[in-house]
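Protein sequences appear in the order of chains A and B. Its first residue numbered 0, the first sequence is counted upward by one per residue in numbering that gives the first Met the number 0. Its first residue numbered 0, the second sequence is counted upward by one per residue in numbering that gives the first Met the number 0.
Worth flagging that the hints you see were computed from the coordinates, not collected in a lab. In this text the structure is predicted, and so the values were computed from the model without any measurement. Check before you lean on any hint, since a few could be wrong.
For each label pair, taking beta carbons as the anchor points, the in silico distance ranges come out as [what the hints assert, rightly or not]:
#: 1; chain 1: B; residue 1: 12; chain 2: A; residue 2: 268; range: 55 to 65 angstroms
#: 2; chain 1: A; residue 1: 281; chain 2: B; residue 2: 49; range: 46 to 56 angstroms
#: 3; chain 1: A; residue 1: 59; chain 2: B; residue 2: 21; range: 32 to 42 angstroms
#: 4; chain 1: B; residue 1: 55; chain 2: A; residue 2: 232; range: 33 to 43 angstroms
#: 5; chain 1: A; residue 1: 202; chain 2: B; residue 2: 49; range: 35 to 45 angstroms
#: 6; chain 1: B; residue 1: 57; chain 2: A; residue 2: 43; range: 35 to 45 angstroms
#: 7; chain 1: A; residue 1: 251; chain 2: B; residue 2: 12; range: 14 to 24 angstroms
C-beta atoms are modelled at their ideal positions from N, C-alpha and C, and glycine is treated no differently.
Letter by letter, the chains look like this.
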Amino acid sequence: MIKVAVIGGSGYIGGELLRLLLQHPQVSVEYAGSRTSNGKFVYKVHPNLKGSTSLIFKNDSITDVASKVDLIFLAVPHGKSQELVPPIMDTGNRIIDMGADFRLKNISEYPRWYGWDHCCPDLIQKFVYGNPELHRDEIRSAKFIANPGCIASSSIYSLAPLAKAGFLDLPINIDAKTGSSASGNDVSDFSNYSAKTNSVRLYKPSGHRHTPEIEQELSILSGRRTKVALTAQSVPMVRGILTTSSVVHEMDIEEKTLWNLFRDFYKEKRFIRLMMDKNGLYRYPDPKLVTGSNFADLGFNIDPYSQRIISIGAIDNLVKGAAGNAVQSMNLMLDFPEEIGLISIPIFPV
Amino acid sequence: MAKERKIGEKKLECQICGGKVTIPADVMESEIVSCDDCGLEYEISGVNNGTLQLKPADSIKEDWGE
Ligand SMILES: NC(=O)c1ccc[n+]([C@@H]2O[C@H](COP(=O)([O-])OP(=O)(O)OC[C@H]3O[C@@H](n4cnc5c(N)ncnc54)[C@H](OP(=O)(O)O)[C@@H]3O)[C@@H](O)[C@H]2O)c1
Ligand SMILES: [Zn+2]
């Protein structure tokens, strides 16, 4: 059994990590951290966990926590984990960081997209970008993992085969639709039911923070600098992300070519599904079809008129977009079967 | 009780996506089968001495009328 701690355990990602880790047969959750809920039962904050755990939130020092466990999940806001990582590293513990602090290899991207300078840039290289489908071997030998962003993941999964095949010459337009849980459990004016209901809120027409991470990963795959133009909207759902990306492609391309490209790229990747159907109600990926699961559903469409490929991704932001993906990386890192604790068929209908 | 069909006796390649179309062992002419991957439906247009002829069946495209 591996002993784990979740810091930021009272947040949405903390709660989802606890849900998955408490069901994992090789994991013992020893510690759930929260400053504001210190002393409360975990199920008082995450009522879905009632009957599954009698853990109580604590607010111990990070070195005390590290002395009790083998692996620490950091589920705190961006900018915060860089303060926690150096003392944990000194203890020899493993870390999976759910935030952005160690995702970007080019440190000049941090002031540009996040508005702060990195406090320990030398440590970034010690982290592996935790996309298990793209960085499997590196994750297997890693001690420190930077878990990807949710919109980034959906975009990267749907575009990776095209990047690898050399299709991404021009900037890629990505349209992302995201549910409310993607922005955490903090309350804002927009949390108000009257404000949110029936609204499609264009909260980031440009300048979304996941842009550099998508570019970083697609550039590695394509072997050249790949630029993306990302627009993000909040839509009235709780979980889920749908990304539709337009890739300009001037040559004729057959549907079968793309099918084979995607099939080959994701061969034996059990959490990737090619979700297209010529008939019926669900013809393309839809977040509704992945709820509660670690699947990334992918699809595409060819538009001969405007000479583009539309590449589609759908994930549950809290699972494949965060906690499930982190557990998958943990499994690889610790040499557990990759899918252990994650084999859950999506809930339907939701 | 519904009779269980013996499927998987034959798999043919889908013309559109290159995936597999599973054909029940006891398939009959004019039956509809579909591709496991892309869902395209095919009509069995002929069964001659174990050789099957398939033609893509019409699919209803989504039309929201805009
Ligand atoms: N939501 C998603 O879909 C998603 C997807 C992928 C990645 N992520 C990333 O995962 C991380 C957590 O996101 P979330 O959605 O769970 O946010 P959240 O619901 O706001 O939770 C963040 C938690 O961090 C704790 N926290 C806040 N400031 C802290 C500090 N200075 N030091 C220590 N703990 C602090 C808070 O707990 P207390 O105040 O009780 O201590 C809070 O519950 C973020 O970095 C986010 O970018 C989120
Ligand atoms: Zn097919």
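Quick rundown of the hints versus the structure:
1. In this structure the supplied range 55 to 65 angstroms is violated for residue 12/B paired with residue 268/A, their Cβ-Cβ distance being about 22 angstroms.
2. For residue 281/A and residue 49/B, the Cβ-Cβ distance of about 35 angstroms falls outside the hinted range of 46 to 56 angstroms, so the restraint is violated.
3. Checked against the given bound of 32 to 42 angstroms, the beta carbons of residue 59/A and residue 21/B, roughly 56 angstroms apart, lie outside it.
4. The given range of 33 to 43 angstroms is respected by residue 55/B and residue 232/A, whose C-beta atoms sit roughly 36 angstroms from each other.
5. The given range of 35 to 45 angstroms is broken by residue 202/A and residue 49/B, whose C-beta atoms sit roughly 60 angstroms from each other.
6. Residue 57/B and residue 43/A have their C-beta atoms about 57 angstroms apart, which leaves the hinted 35 to 45 angstroms range violated.
7. Look at residue 251/A against residue 12/B: about 21 angstroms separates their beta carbons, and that is inside 14 to 24 angstroms.
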